[in-house]
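Number of protein chains: 4
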Amino acid sequence: MTKAGIINVTGYAGVELARLLHQHPQVDLVSVTGRSLIGQKLADVFPHLADIDLAIESEIADVDVAFSALPHGSSAEALLPLIKKGVKVVDISADFRLKDAAVYEEWYGVKHPAPELLDKAAYGLPELHREEIAKSSIIANPGCYPTSAILALAPATQNNLIESDIIVDSKSGVSGAGRTLSLTVHYSEINENASAYALDGHRHMPEIMQELAAPSVLFLPHLIPMTRGILSSCYAKLKKGVSKEQVRKLYDDFYNGEPFVRVVNTPPQTKQTWGNNTCLIYPSVDLRTNRLIVISCIDNLVKGAAGQAVQNMNLMLGIPETTGLDYLAVYP
Amino acid sequence: MTKAGIINVTGYAGVELARLLHQHPQVDLVSVTGRSLIGQKLADVFPHLADIDLAIESEIADVDVAFSALPHGSSAEALLPLIKKGVKVVDISADFRLKDAAVYEEWYGVKHPAPELLDKAAYGLPELHREEIAKSSIIANPGCYPTSAILALAPATQNNLIESDIIVDSKSGVSGAGRTLSLTVHYSEINENASAYALDGHRHMPEIMQELAAPSVLFLPHLIPMTRGILSSCYAKLKKGVSKEQVRKLYDDFYNGEPFVRVVNTPPQTKQTWGNNTCLIYPSVDLRTNRLIVISCIDNLVKGAAGQAVQNMNLMLGIPETTGLDYLAVYP
Amino acid sequence: MTKAGIINVTGYAGVELARLLHQHPQVDLVSVTGRSLIGQKLADVFPHLADIDLAIESEIADVDVAFSALPHGSSAEALLPLIKKGVKVVDISADFRLKDAAVYEEWYGVKHPAPELLDKAAYGLPELHREEIAKSSIIANPGCYPTSAILALAPATQNNLIESDIIVDSKSGVSGAGRTLSLTVHYSEINENASAYALDGHRHMPEIMQELAAPSVLFLPHLIPMTRGILSSCYAKLKKGVSKEQVRKLYDDFYNGEPFVRVVNTPPQTKQTWGNNTCLIYPSVDLRTNRLIVISCIDNLVKGAAGQAVQNMNLMLGIPETTGLDYLAVYP
Amino acid sequence: MTKAGIINVTGYAGVELARLLHQHPQVDLVSVTGRSLIGQKLADVFPHLADIDLAIESEIADVDVAFSALPHGSSAEALLPLIKKGVKVVDISADFRLKDAAVYEEWYGVKHPAPELLDKAAYGLPELHREEIAKSSIIANPGCYPTSAILALAPATQNNLIESDIIVDSKSGVSGAGRTLSLTVHYSEINENASAYALDGHRHMPEIMQELAAPSVLFLPHLIPMTRGILSSCYAKLKKGVSKEQVRKLYDDFYNGEPFVRVVNTPPQTKQTWGNNTCLIYPSVDLRTNRLIVISCIDNLVKGAAGQAVQNMNLMLGIPETTGLDYLAVYP
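Chains as they are written, first to last, in numbering that gives the first Met the number 0: chain A, 0 to 331; chain B, 0 to 331; chain C, 0 to 331; chain D, 0 to 331.
Check the hints yourself; a few may be wrong.
A pair counts as met if it fits within one copy or between any two copies, since identical chains are not told apart.
Said to hold, decoys possible - In the SDA-like style, the derived pairs of lysine to any residue whose C-alpha atoms are separated by at most 20 Å in a straight line are:
#1 K243 with L217
#2 K236 with D199
#3 K238 with S215
#4 K40 with V263
#5 K236 with D164
#6 K238 with D199
#7 K248 with D199
#8 K243 with G200
#9 K236 with E162
#10 K83 with A101
#11 K236 with A197
#12 K98 with E244
#13 K236 with L217
#14 K236 with S163
#15 K243 with H201
#16 K40 with L182
#17 K243 with D199
#18 K236 with S215
#19 K243 with S215
#20 K83 with L116
#21 K236 with P214
#22 K40 with R261
#23 K40 with P266
#24 K40 with E58
#25 K238 with E162
#26 K243 with Y196
#27 K243 with A197
#28 K98 with E76
#29 K239 with D199
#30 K119 with E76
By construction, these hints were calculated from the structure, which means they are not laboratory data.
The following block holds chain A by itself, in its conformation from the complex (with noise of 0.2 Å):
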């Protein structure tokens, strides 16, 4: 059994994590962090987790893999002695997903706590970089807004089926956010509510821009009143000459034998991803303006985070990549 630990297991990453450790068949969770609530079981302070007997520590307990669910920052500097140690890292945090250290200094605001792991780290979105990941010992977690526009998009860029002026125009649900107090999504607030936000940029931005090789993507998230799921609805100009048709043969190829990723027959609703690990992609043409449109759904915290880090962790312990993700979707 593999040892796992998480650190910072206090938001909805880490504890979306904590579920999946320890449903996994060959992982052991063996130890988890927080910055706050140390000394308290798991349990107590999140009743949904009762079968795990752990209580939060301040310092990660020796692991062969370790998570961090940590803010951008913090995260690449609480991984790096665990790197040098040795363990293979998750991190769902930002820190190691740009590899442009300049960028990453643009849109975080802070130098980049570790550019020479840049090049070492691998962009964990299993579908465009398998080989990578499998080889590499530092994961980089997509961002969930990117997990869903990337898979959408990639297709479309990597076959050449577009021009540019590509929009991402994403709708979230509340848990997102995070398990942080904020007015935005205090029950009241957002509860029969749906508003546009970061109109002037956002940071997931420019990782959507570098995993499609993308010159420019006009990308705007929006925040409605549901707990769990992300919708993407991605348009570009499709090139001339490109039919309906091929662009779902296309879709169809590129995802071919994907465990996670399905080519859907009719529009998705993020519902049927609700606690599971799949995107499901409905690559359309709007015959009358020449325009690609392609829809995805995930669950934020399962494709858009913790399950996508589990999917990683598996590809990097060699053992097959499904296991401990094969749930169905919760529905209704």
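Add chains B, C and D to chain A, keeping to what the hints say.
Just chains B, C and D now, kept in the frame of chain A:
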């Protein structure tokens, strides 16, 4: 007092009209009809209308102004005899919205019942057609999505700010789908769920194109889990050399003095219009891609239907436009 | 026009009061205060109040009537100087509700700041204390839960219909917990969730007991995932020989002519009171166990707080009780 | 591998069973039937079941164990031939729950189709009838409300802690009302809404009385705006001299070792059971009125239906009771 009647009161737009007309100081709601439930008291079917002492009839009584909340096709047919009698009418359905009967037939699949009247009908968006509405006695009340999209983009198209490539990504609350039962809006299906629909074209698209005089518009509607509200995120390529400040100034000027449109300084939220007749508009520019982004919010049942219908009635009657509509939004 | 002010406008009861007073035809809202946000424009903090041109002040201006939405303890203290100046006051907090200062101290954990005024204050439930309210200039606005419970049970206790053993099981929307941030009402925590709280006793219990003159009441509040509304299910053992018809008749008589209480013929729903000042009451009898069951519904922020406060103000000012409160519920 | 089939898979309990059986390590789901949609692939109708390669049939195939999610009446009839063939059956409907055919007829309005089998059926609440279930081949899977109420109160009734006067006030998520369309659970009607129903008696009441051996129970169900979950608040007069500590100790002992019941130290929340088979129970005492209060939470579709059905199947098959059910709740 003006005598008003509602044809087919039993849907959500119909009962919202009943609520607003009952509270209107210069109107007596004297007659309501339905296609079912005939003979029942309105207050028994809709307990929130307990103060209205009317039974649901099969035929509209003698009125000065009639509102139709019938489905398209039936609506024009039901209004024709009233129009001939000189009754002022506001049609909540789509029957008089499209000026071109051929476009109507293409999108609605039926021959227009009264193409000769299309010229006499005013498109009931007061911010664009106030004078025409005041002179007309047939008002085509705009669709909910078009209201949000046209108000968001008219300042840009009329001021020649943008090149083509308009994309309207709208998110609607579930009441827009009406009171008719369907699995799509069965609570357990749509709660905690989001989806796009009508990817092959939605009937509100030609309406948006007509009013913006735009050669092409990509319009994609989404259903999100809330009862009321539409948030539209509109994208278009900005002409070169137009600054963010110019855009803002033109929007401010365009809607200067409008009682029911407010150009706001921060991204608006649908909840800020809950139960009231305002459209909130936030114009912005994505400097990286030189795109105009306009966010608009309305209550789909008020400014998107019943409230705008009352606003149109006020204009037709020559009374102050805000009469019976000066309620603040209900928050939270 | 009566000049009105709101002390501590920044919570949900406070802004709901601002909305109602702004729309009140015989009142000018001239001053609002806060403990934070001082100097900011009300419309900037609360966009739905855009039509109100007031800044948040630290001290209330010269007014004829003042509403306090401060927390208990602070509220009485802030009102004392106004009371001395002869300003009529409506206290939304609990400070003047309990007639017995010792009971107040027991439940609120502080000494009452002005026990000598308790006798002069009227408990602001107009259906029970209309005349007293009209003569008083200090109104203790009832709690939201007590409003729903007392109105549900007063006809039974006053007509001697029941033996003791009163149980009140109340379900509240989340806005009742206020605008202050807390994990309990963080969206992702309370959405798709229901829970009971205060099993060892809730401060609204002695208030219910006082007004029903009941020797014992078991009151258990619950939080359910909606913004507005309280549904109280009240149970009590019926005296022998009392028929269902007698119960119904007594309830009908008790509330005959009441503008804001409606005894209804089918179990009511909270949505039927959304945004309006009505309390819906459905008395029934479980014949198998000979128990009275009374279901009551209110909007916790209107009849449960701000609306009732306006109703009390109307009575104090000697103007028609329904002035500024004659809005229908907003549905759906 | 045991071959399992689901009769009438197309409702919410049916698809939840399909999800759980598909994930069960010792069972092959080999056949599913419906009364409609026959011939369609399960995965096309229910996209979350994409991994299950079965078509909806009109007749159940050859199986070792069959689950029926048919409505009462039809269910027993459909199961009879299978029972005769020696197939083990779990009936999700009410047909085998009530031991007295006359009580069944009184509450369900039809003659029981097989009264001679009532004695042979085990009431499938393992915590009360484990051994009987293991020996039986006809399991009456309990109703969702009864599961929550009986587990909450059985320790009290069996230990003779309470006098009569049991009141069960239950709050249910909307999925309990099923997938059949109705205005009651139309999204815009039930979102932001709460109501009580069945004030003249609910079919789950005799079931609760039977299992608690209680001479009288007042049971009142409520519908609240969430998809999954039941919270039951149970009240009963405590015998004199029973302390809070004694109550707690008896509950702890009663459920000691139970894999799917957890007696908790703080009031539980329905979300803590989302998607999992646990029942959380919090016993308390209101010292002022000497009443026992017990709060219980379940997921109505898991412990309240499909999960418990699998638990019963495990017992019948003689495999570990928790097999295929050891998932943590999905939070948030």
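Hint-by-hint comparison with the structure:
no.	hint	verdict
1	K243 with L217	between (23 Å within a copy, 16 Å between copies)
2	K236 with D199	between (23 Å within a copy, 16 Å between copies)
3	K238 with S215	both (16 Å within a copy, 17 Å between copies)
4	K40 with V263	between (42 Å within a copy, 14 Å between copies)
5	K236 with D164	both (6 Å within a copy, 9 Å between copies)
6	K238 with D199	between (29 Å within a copy, 19 Å between copies)
7	K248 with D199	between (36 Å within a copy, 18 Å between copies)
8	K243 with G200	between (31 Å within a copy, 15 Å between copies)
9	K236 with E162	both (5 Å within a copy, 14 Å between copies)
10	K83 with A101	neither (24 Å within a copy, 65 Å between copies)
11	K236 with A197	between (24 Å within a copy, 19 Å between copies)
12	K98 with E244	neither (35 Å within a copy, 34 Å between copies)
13	K236 with L217	both (13 Å within a copy, 11 Å between copies)
14	K236 with S163	both (7 Å within a copy, 12 Å between copies)
15	K243 with H201	between (31 Å within a copy, 18 Å between copies)
16	K40 with L182	between (28 Å within a copy, 18 Å between copies)
17	K243 with D199	between (33 Å within a copy, 12 Å between copies)
18	K236 with S215	both (13 Å within a copy, 13 Å between copies)
19	K243 with S215	between (24 Å within a copy, 19 Å between copies)
20	K83 with L116	within (11 Å within a copy, 69 Å between copies)
21	K236 with P214	both (14 Å within a copy, 16 Å between copies)
22	K40 with R261	between (38 Å within a copy, 16 Å between copies)
23	K40 with P266	between (43 Å within a copy, 18 Å between copies)
24	K40 with E58	within (15 Å within a copy, 47 Å between copies)
25	K238 with E162	both (6 Å within a copy, 19 Å between copies)
26	K243 with Y196	between (32 Å within a copy, 17 Å between copies)
27	K243 with A197	between (33 Å within a copy, 16 Å between copies)
28	K98 with E76	within (17 Å within a copy, 60 Å between copies)
29	K239 with D199	between (32 Å within a copy, 19 Å between copies)
30	K119 with E76	within (16 Å within a copy, 64 Å between copies)
Hints 10, 12 from the earlier list are contradicted by this structure; the remaining hints agree with it.
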